[in-house]
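*Asks:* Protein chains in written order, with this note's numbering: chain W, 1 to 499; chain S, 1 to 496.
What the hints contain is simulated information worked out from the structure, not anything from laboratory work. Just to be clear, a hint being listed does not mean it is correct.
Across the chosen pairs, the derived CB separations fall in these ranges [said to hold, decoys possible]: (1) W:V29 x S:A39: 42 to 48 Å; (2) W:V29 x S:R385: 28 to 34 Å; (3) W:T207 x S:R303: 36 to 42 Å; (4) W:V29 x S:A13: 55 to 61 Å.
Glycine included, C-beta positions come from ideal geometry on N, C-alpha and C.
Listed here are the chains, written in short residue letters.
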Amino acid sequence: MAWLPLAALAVSLVAAVAIFSLPETARPVRTVINLGAAVCKVALVALMVGRVSLGFEDTFSFQIIGGIDFVLRADALGVMFAGLSSILWLCTTVYAIGYLEGAANRKRFFGFFSLCVTSTLGIALAGNLFTFLIFYEMLTLSTYPLVVHAGTQKALAAGKVYLRYTLSAGVVLLLGVVLLYSLTGDQSFASEQGLDRYLDDHRVLLTLVFTLLVGGLAVKAAIVPLHGWLPRAMVAPAPVSALLHAVAVVKAGAFGILRIIYDLYGIELSVELGVTTVLAVIASITILYGSLRAITQAELKPRLAYSTISQVSYIVLGVCLIGPFGTIGALAHLLNQGLMKVTLFFCAGSYAEELGIHRIDEMNGAGRRMPLTSLAFTVGALGMMGLPPTAGFITKWYLGIGAIEAEMLWVVAVLVASTLLNALYFLPIVYRLWFCQGPAHGVGQWPDEQRLGRLETHGWLLWPAVFTALASLGAGLLAGLPFSPLDWATRVAVGEYLP
Amino acid sequence: MTWRFGLLESVFAPLAPSHWALAFALVLPLLAGAGAALAPPRRTWPVLVVCLLIVACGAWLMRDAAQAGLLRWQWSVAGVTIALRLNGLGALLLVVSQCVTAAAALYAPGFLRLESPGPQARWLWPLMGVTLFALSLVWLAADLLTLYVGLELLSLAAVGMLVLSGKPEALEAGMRYLLLTLVGSLTYLMGVALIIGHWGELELARLAEVVEPGAVAWIAASLLGAGLALKAALFPLHGWLTPVHQSAWTPVSALHAGLVIKASLYILILLWSILLAETHWAPRFVAWLGALGIVWGGLIAWRAQTLKTLVASSTVAQLGYLMVAFPLLLGPGIAPIAQSLAWQGFWLQLVGHALAKSAMFLAAGNLILATGESSLKGLAGTSRRLPLSLLIFGIASITLMGLPPSAGFTAKWLLLHAMVLEGHWVAVAALVAGTLLTAAYVFRMFRYSFDETAPRHHYQPLGRGMDAIALLLALAALVMGLLAHLPLALLQGGDA
């Protein structure tokens, strides 16, 4: 079934083309296309997951130029990321339809939104570095119109910074890929033969290429000091922030680093080159720095943004622990963080839309006014801190074991410190939500209250957040079941360590 | 190197249908142009029919050239032998020229309807026909004389088209262009005279056999090079390019920036590959100029105040990409793999740029026509009101930036690969800088268009087809990156 990866990719591409060719006013048709394509995509990806669990690796490829192919391959790691992106796309689409009700330029928004998801799926399924590069750059281009969507001076300035970072990174990545190709030719991610055979003659070049590749990817993964664009990109509408932080841009960077270390260089070669230890230190610094900056933020969305910087580096850190447990932790976190973060951003957007809340000190007593939203937020926040039984706990547990196995006890210290810092910036919010007297108790007023729906807010805004919160809870509680994030992460890790 | 241009004795005689296809491909543009001058077409469909016929002839020739590897025709007129030859490269360039010219011609009726020009507008059609004829002649020519005829016709037709808008500044810029292009022709002619005087050979294939490195070859190559560089607007001889495009008609600009200047570049590399087979100084000199041109053109485009200046200056930078590849193509001691990669990258970049730049000019023309403003600031709010024109501009600029999956990307990949293999790190740096600069000026334009705070004003509705034509060109450039092995297979025709 070689067409399967291509079909999964084409669904959202066709949706994008259809949306672009419809007039701005064709709202119902656009909604149908959006939701139909999202549901189709989830179904196709579910089919791919089933096929992979049966042991098939569907591959689609054709020649671009002599010696270089365009390859889409549905392997275990790829469909994991594809599954995350397709499910979250569906949720985010529902949310975005509610969020942008009555706003301008919705055609442009949803068109590029679909392109953005196409690129993410392409990144997930790319079977070699060249294909990966194609979709990675496509992601940069398709997210720019989303970041500047509001069209304000602030948004345009943020877009400028975003492009400066990502396009420069794209060039660095391109150089790395060209250097590698000039050495090895087309190197498939599925290749049994790693780059080991070049180690003796080209050690310096391999290290340089690794630095270029990971350096190029680190910008999107927002690893310190290349994270500057992320907090600024917060001016984007809430669904965009949700997608950017949970699956699209930031995760694309992290996923790329996974691919480079596991499927391109191979674990042994990465250890041999000594690059993983350096990366682990940088990731640890990022984890602590992101948390520290998050504490100082007075507004909700920037705090979440810095929290992302910190959380995504867990993935990188887990990879660098070199051992099955670290890998399981990293992969599970790729999924779990996505679910939790998207919940938090959905809630932040709902607070802003329904009550006009942007600052944290305006959130007093919001739990009474918007109980379900606040419950979802609380689940997400506790998950970020890594409290059992949420999904975040699973991750930290495995990362901790991995660190001990790898005899890197300082990593355990980093994990503990980070958990404390997470608690420091998430617990006050939760406290305010539930235990402070606010406008809902007759003290003061909400900044800009609107009654968007019969429930606490518009149903299109509420249910996606509740769903993802439940999913992240389920990922923790039901971690032992087949096809849970942990189960799949274990499957991938076993594949990497016991080929 | 010269074999890559198909300067060989052909083994096969072309089939009879190919003779007819050649005759029609050459004559039809002239006839159609003359006909359209007598009865200017007001609708698109008659233009479409003729264009389809012409492109069909080109496609036939391309199929034949791909099968036979090389087609060759020869006539003797008054004691002078005239030879034409078509290999895969020539066929590719021929079809691309026909497609781009067809796009410009299809765009023209709608454009003229909105522009409502004076009676001189009817001259547009024969001039377009002559341009396509001259371009075809250049791709086909196998001797210096035919090349010269093609080049000269091309320059004169281009000047004629560029001044058609009749604005005083267009006339002034056009006169300057005419003067410079005549100077270029004269220099070129002196080079040709030197070659004939010294070696007595007009035909390129035989010239390649008798030519010897030495002072004569050097002087001839410099004269030819200077003349052609001036015509091709290669940095630093590009000063005439921007003013000429500032006030020219949109379809003319598209044709000129997309194709006309490329013809001079083609002749340049063709003749240098014959004359300067064993030297690396001249190609390196060109490459250095190209690197400077990338930066300079990018900076000018970045600081541009009007949309047309931006699009025209970007041509200078894009030509720089081609110039930095010169040492890989012409230099001695280049590994065959690197040379082959560079050869593919060079022509893919040229073709991709031809499609993308004409798409960009058409899209820019649409934006200017609809808003009535030529400055970048006047674009505020267009992302809401003219999303399609802007999207086309965006798709075209993906190729110019060289981002995937466009032809520009695949070409840049090939060139970078070749440069890395040969260790040309300055060229790598130039390409990287060019990418970032292109992104800088393209997105500067987009920042203006995304501005939602600007006051709204009246927008002139465009003809429906005008955006569609530009979209087709832009998409062709985009998709060509993924399907690059198709055009590249043509280039490899002589490899076996």
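*Asks:* Take the hints in turn and mark each one as holding or not.
*Replies:* For each hint, the structure was consulted:
Checked against the hint of 42 to 48 Å, the pair V29 of chain W and A39 of chain S passes, with Cβ atoms roughly 44 Å apart. Between V29 of chain W and R385 of chain S the Cβ separation comes to about 21 Å, which falls outside the hinted range of 28 to 34 Å. Between T207 of chain W and R303 of chain S the beta carbon distance is about 39 Å. The supplied range of 36 to 42 Å therefore holds. For V29 of chain W and A13 of chain S, the hinted distance range of 55 to 61 Å is satisfied, since their beta carbons lie about 58 Å from each other.
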